[in-house]
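Peer 1: Protein chains in written order, with the numbering used here: chain W, 53 to 352; chain D, 1480 to 2039.
Since the hints were derived computationally from the structure, they do not count as laboratory data. Among the hints, erroneous ones may be present.
Unchecked claim - Quick list of simulated restraints, FRET-style, between CB atoms:
#1 W:Pro204 / D:Asp1900: 33 to 41 Å
#2 D:Gly1879 / W:Lys211: 22 to 30 Å
#3 W:Lys101 / D:Asn1954: 57 to 65 Å
#4 W:Val166 / D:Lys1618: 23 to 31 Å
#5 W:Val188 / D:Glu1828: 23 to 31 Å
#6 W:Glu58 / D:Lys1666: 35 to 43 Å
#7 W:Glu58 / D:Thr1551: 40 to 48 Å
#8 W:Ser226 / D:Lys1800: 49 to 57 Å
#9 D:Thr1551 / W:Ile291: 31 to 39 Å
#10 W:Ser226 / D:Glu1597: 57 to 65 Å
#11 D:Asp1900 / W:Lys211: 29 to 37 Å
Using N, Cα and C, we set each Cβ at its ideal position, and we do this for glycine too.
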Amino acid sequence: MKGFLESFNTLALIIYLICMLIFISVTNNPVVQAVFFVSICLLIMLADKKAFKNALILAVFIGIPIILINPIVNSRGITVLFRMSEIPVLGDIKITLEALVFALMLMFKLINTVFLFVFFNLCVEPDRFFNLMAVVAPRSAMTATLTAKMVPSMIESTKRIAEVQMTRGVQLDSKSLLKRISNGWPFIKILLFSSLEGSLQTAEALESKGYGYRKRSSYYKEGFKLKDLLIVISGAVAILLIILKSPRNFLDFKFFPRIGVVSNEGICGYIVILILPILVVLPAMLGWRFNKCRFIRRKI
Amino acid sequence: MQIYKAENLTYFYPDTDYPALDGINLEISRGEMIVLAGHSGCGKSTLLKLLAGLVPAFYGGKIAGNAFFSDTNILKNLKSLAPQVGMLFQDPEKQLVTSTVEREIVLPMENIGINPIEARKRLTEVVCSVGIQELAGRKINTLSSGQKQKVALASILGMNPDVILLDEPTSQIDPISSEELLNTVRKIAEDTGKTIVMAEQKLERCLHFADRVIAMDNGRIVFDGDTREYCKWACQTGFEFIPVIPRLFSGMNIDEIPITVKEGRKMLSKMLDREELLKTDACVNFKIEAKPQLEIRIKNLNFSYDDSKTILKEINLEIQKGEFVAILGQNGAGKTTLLKNINGLLKPERGIVEVGGAPIKGKSIYDLAQKITYLGQNPDDYLFNNTVKDEVSFTLDNFGNEWDKKTQELMVLLRLDKVEDKNPRDLSSGQKQRTALASVMCMAQDIILLDEPTRGMDYTNKESLGEMLLNFKNNGTTIILVTHDVDFAAEYCDRVVLMFEGQIIGDGAKQDILKNNLYYSSQVSKLFNGAEDFVTYKEALTHLASLSRKPREREGLEGL
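Chain W on its own, in the form it takes in the complex:
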């Protein structure tokens, strides 16, 4: 499946990504966000199971702080679930159902955003993105490439630097958190120095390879096929739903002071919830189900 997803046109995938990002950022409906979450999970799972596992771990790290902190600091809402008094620094704490649902919606929103990028990363190799960007914005493409190269190089260096610093008596496994943090300081400095020096060398090598010398040619031509058109359409439909909902509010959700829907046109909301998974999972569906039909496979 990953191979099929990698065959999409980079530009089509970028359009799809942008449309979906707009959709989730302007939709404040927890049900829609939850449906989107399930759909994007399915999409990533179909693309790469290992990546899905890692993404779920990431989701836990993103989600738990939001669910824990937001209801504590947000005391709006009238349905009180839990109350604590005279907590140091925080004072009286009131946890409301409304704040909890709002936190849930925020959590899904953030995770969905991250998962969209995870999916994009699975489909588009950095090289393809660089090739596309280098035509439009060469300097930004170079900066993005250097940054992208810097992160794995830092990860690779981490273990090596930790080892040599331990032989100098740096106790990175100290039981005291404070000690671990203070011991980590040299570590960060070395990583930063080495990575910056490395980036400078890469930039110099790129310059010597004629980067920015003249208008680039493109060795790898990416065709625009039916499947690319279909995912662009699915993105466009998501935007269309946003445009349609604006005057009629059928996707809007009221959190405070009491949870409730804004519009009476509930049927439109149900339709969106039914359509949404299809729009989100479409790239995988094209490769999974429709690909079994020889005719469609040829066409897409």
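With chain W fixed as given, assemble chain D onto it according to the hints.
Peer 2: Leaving out everything else, chain D in the frame of chain W:
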């Protein structure tokens, strides 16, 4: 036909008050193969960057004089001279940008706007000419350093430049890959007639196919001429950058100094008959003496990372106190893993490691670091403090110790006392390495473990490192050195351990291991092919000198 011309060129990097290039006058003709020689920091890389158009365009700084490439004034052009000039850098990791071999080779062609049909043709050509057909479909992160360097060379060739500049291209790669890469460079020079300028430390690998040598010192050109003239000049002036073979013959009264091992052998056979060479009583047996005190004992050691392939298989090794041991072997043989099992950075899967008579099992890295010094491959991984003194004090503080007389003596011994107040990151590569060594040795001087310490080092720094290690050895320190540098191991170590695929396949006195080895053999042992116990320059020199003292005078040897 002239391709480069520099007139009275002086260049200062930004924020420096000493010139990186000082009064350079140079002319380079099309099709020449030139080797740049000189110690680290003498201006070789800066000169290459100037020839590539990167200096001053990329770095800034102050420049005076004139420099021309064909009809282009480099100082007015202020941009890289690609695609006419391609440059290969030292570090293969840092110069590759994309994630696959094919994309990396195509990238410069796309940068200079070559159409896809022509690019396809060039891609096929360069892949074949560099001999990386089997790598074409591979991801960059699956390649070894040597393979990466070949890919970087192929990507430059794709631009079809008139000039190829190589900045110490073999300094970060193993000897087999180095040889392959330099053979490719030689083939390109001979077949295509491209102009090649290469800075290189391992002169024994490239002098024989160079047309001309330019020697540099302190930013100045101190010699510019033919290879054999260079050897003579270097011998006469004491310029250290000269391979072992010409150095050995330099004191003899001969017209043509041999450059390669083959030429050296021919010369020797002209001067001496083989029987005499082998039977001479001047051969000294340099067998190691049995030392009474066992320092390191490794028994049935096995190790693997994450239950995958076994890296170390049934290693049994005993090292005596005060021994200087070199561990040689190809990449991935398990040399570094063995060192890390000795200092506790890795835990053996099975087997025992004993240091000073006690097993290290259960001891922390912190405890072991007070007895064992470990110096990794990259000195930059150690350095982050503002001064050299702070760097050493940092380790002392970590162990609750203070700067004392012994520390000061160590600084003197490592020749760091004069640069104590300098920022370690601003020092030369040799000084950086000595600072890293001081930062670990200030706590432990019983055992020193060094991982590839001579990588990227020039002759002078290697010699000074070797002498320094011998000094420690004479004070009773046990030294284990992992290296690809056979000549360094031959010159300074007592004993050689050969590893292959996680096993020890050879262990003994250096003369026994290196004398008849097909690959792991020093220049001198290759020269005296078959003669007993000659592996170092000093031994060979002693032997030749003793022969010259014999009654029957021989042509050539008289001068020794």
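Peer 1: Would you mind marking each hint as holding or not holding in the structure?
Peer 2: Cross-check of the supplied hints:
1. For W:Pro204 paired with D:Asp1900, a C-beta distance near 36 Å keeps the hint of 33 to 41 Å intact.
2. Roughly 27 Å separates the CB atoms of D:Gly1879 and W:Lys211, a value that falls within the hinted 22 to 30 Å.
3. Remark: the range hint 57 to 65 Å for W:Lys101 to D:Asn1954 is upheld by a beta-carbon distance near 59 Å.
4. Between W:Val166 and D:Lys1618 the Cβ separation comes to about 25 Å, which falls inside the hinted range of 23 to 31 Å.
5. As the Cβ distance of W:Val188 to D:Glu1828 is approximately 52 Å, the hint placing it in 23 to 31 Å is violated.
6. Checked against the hint of 35 to 43 Å, the pair W:Glu58 and D:Lys1666 passes, with Cβ atoms roughly 37 Å apart.
7. About 43 Å separates the C-beta atoms of W:Glu58 and D:Thr1551, a value consistent with the hinted range of 40 to 48 Å.
8. Hint check: W:Ser226 to D:Lys1800, Cβ distance near 33 Å, so the stated range 49 to 57 Å is violated.
9. Separated by about 52 Å at the C-beta atoms, D:Thr1551 and W:Ile291 break the suggested range of 31 to 39 Å.
10. Taken as a hint, the range 57 to 65 Å holds for the pair W:Ser226 and D:Glu1597, whose Cβ atoms sit roughly 60 Å apart.
11. Taken as a hint, the range 29 to 37 Å holds for the pair D:Asp1900 and W:Lys211, whose Cβ atoms sit roughly 32 Å apart.
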